[in-house]
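Student: Each of the two chains sits in its own frame; use the hints to bring them together as a complex.
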Amino acid sequence: MKKDKIRLILIATGTILLLTTAILYSLMIAQKEKINLGNLIPLIIPLLIIIFMAFFIIRRYKGIKSGMPLEDEYSKKVMLKASSVSYYLTLYWLLFIGWFEEPIANLFGLQHLDAGQTTGAGIVGMAIFLFALWFYYSKKPNLA
Amino acid sequence: MKNKIKELRTKYNLTQEELARRVGVRRETIVFLEQGKYNPSLQLAHDVAEALKTKLDELFTFD
Numbered sequence: 328m329k330k331d332k333i334r335l336i337l338i339a340t341g342t343i344l345l346l347t348t349a350i351l352y353s354l355m356i357a358q359k360e361k362i363n364l365g366n367l368i369p370l371i372i373p374l375l376i377i378i379f380m381a382f383f384i385i386r387r388y389k390g391i392k393s394g395m396p397l398e399d400e401y402s403k404k405v406m407l408k409a410s411s412v413s414y415y416l417t418l419y420w421l422l423f424i425g426w427f428e429e430p431i432a433n434l435f436g437l438q439h440l441d442a443g444q445t446t447g448a449g450i451v452g453m454a455i456f457l458f459a460l461w462f463y464y465s466k467k468p469n470l471a
Numbered sequence: 003m004k005n006k007i008k009e010l011r012t013k014y015n016l017t018q019e020e021l022a023r024r025v026g027v028r029r030e031t032i033v034f035l036e037q038g039k040y041n042p043s044l045q046l047a048h049d050v051a052e053a054l055k056t057k058l059d060e061l062f063t064f065d
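Protein chains in written order, with my numbering: chain A, 328 to 471; chain B, 3 to 65.
Please note: incorrect hints may appear among the correct ones.
[Unchecked claim] Derived lysine-lysine pairs resembling PhoX-like cross-links, with alpha carbons at most 20 Å apart: (1) A:Lys403 <-> B:Lys39; (2) B:Lys57 <-> B:Lys13; (3) A:Lys467 <-> B:Lys39.
Quick caveat, the hints were computed from the structure, so don't treat them as lab data.
Looking at chain B on its own, in the form it has when it is part of the complex (with noise of 0.2 Å):
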């Protein structure tokens, strides 16, 4: 599965600790997520979304 979750970070200009505690998750998670090391639940991937202003279908993508 891959992701633009740093893409979009990027380009909002946010770091990974303001997206972490936009989300409500530990910096350490942001990183694993961005390096696709680890697959979020359902919620986390909504809110994570939403943090970047996206959808989630336009987020995550399957190879």
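Isolated chain A, as found in the complex (with noise of 0.2 Å):
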């Protein structure tokens, strides 16, 4: 029980790293002229990932208040499934980018869509196909 609330401490401080990240990158390019979806993807990413972790320090929270572990043989398994799944759903995803990279780059006002700006665009729908996953294995188990 004390080594899984170390755990939680120890994500929730790499939480809270992220989130200051964030904070001072999101200072750093409101002092810049122009916002566009070069600079916003390394903002987007971390606060996802925020979001994330959130509902996740939430849940394994209440767990470890009330003598539960921090995770057993099925929440592993549906981090797993989720994972496996959303990296399936994110080469699916990378080959939308790739296609209509002119539209995609249009919506945001750029004319094309660099290595960093294509990356990242692949990692924050990764980021989200993790996170919708995981909530939907978690609540409807499709696991037996």
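Tutor: Printed below as a string of structure tokens:
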């Protein structure tokens, strides 16, 4: 139980550090005149991770408080399934970005996406898939 | 696969939370086990059977 508490504290510390970095980064880009997809993606990624981690930490904290373990065989399977399916979906998402690169870039007022922006969009997609699938499998298991 | 987890848990006046604590899993796991939405590992099935003072083959039955 003590080990679980330490692990949760470490996860929370990592999330707070990420949040601090995201705030500092947003302050930095706010000083820039032009805000575009390129400088927003590095902010969107940590924000998505923070939202996901906040859900995760609150749920796990409640569990630990009532004497439950931080994770068990079922929660590990949920995370494993969500990770594998999100990886699979990301392959299609990356193909989609490759095919529709120009219209996506135009949506954000850009001519084209550079390598960094494309990678960033791929990571954002993966983070969204992971969060959504983790939430879905946590509520409606299909792991029997 | 069917199981008698809920039936035996009620018989021993245990809440899902108490059973979860005895077995060392989260409450959600017990909920999904009772609903038959999750097939446990052999180790977990054994631990649940032990916590409910029954045998594995009496707790879980195949259709």
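Student: Check whether the Cα positions of Lys467 (chain A) and Lys39 (chain B) lie no farther apart than 20 Å.
Tutor: holds (9 Å)
Student: Checking one constraint from the list: CA of Lys57 (chain B) to CA of Lys13 (chain B), max 20 Å. Satisfied?
Tutor: holds (15 Å)
Student: Take a quick look at whether Lys403 (chain A) and Lys39 (chain B) sit within 20 Å of each other, Cα to Cα.
Tutor: holds (16 Å)
Consistency note: the structure conflicts with none of the earlier hints.
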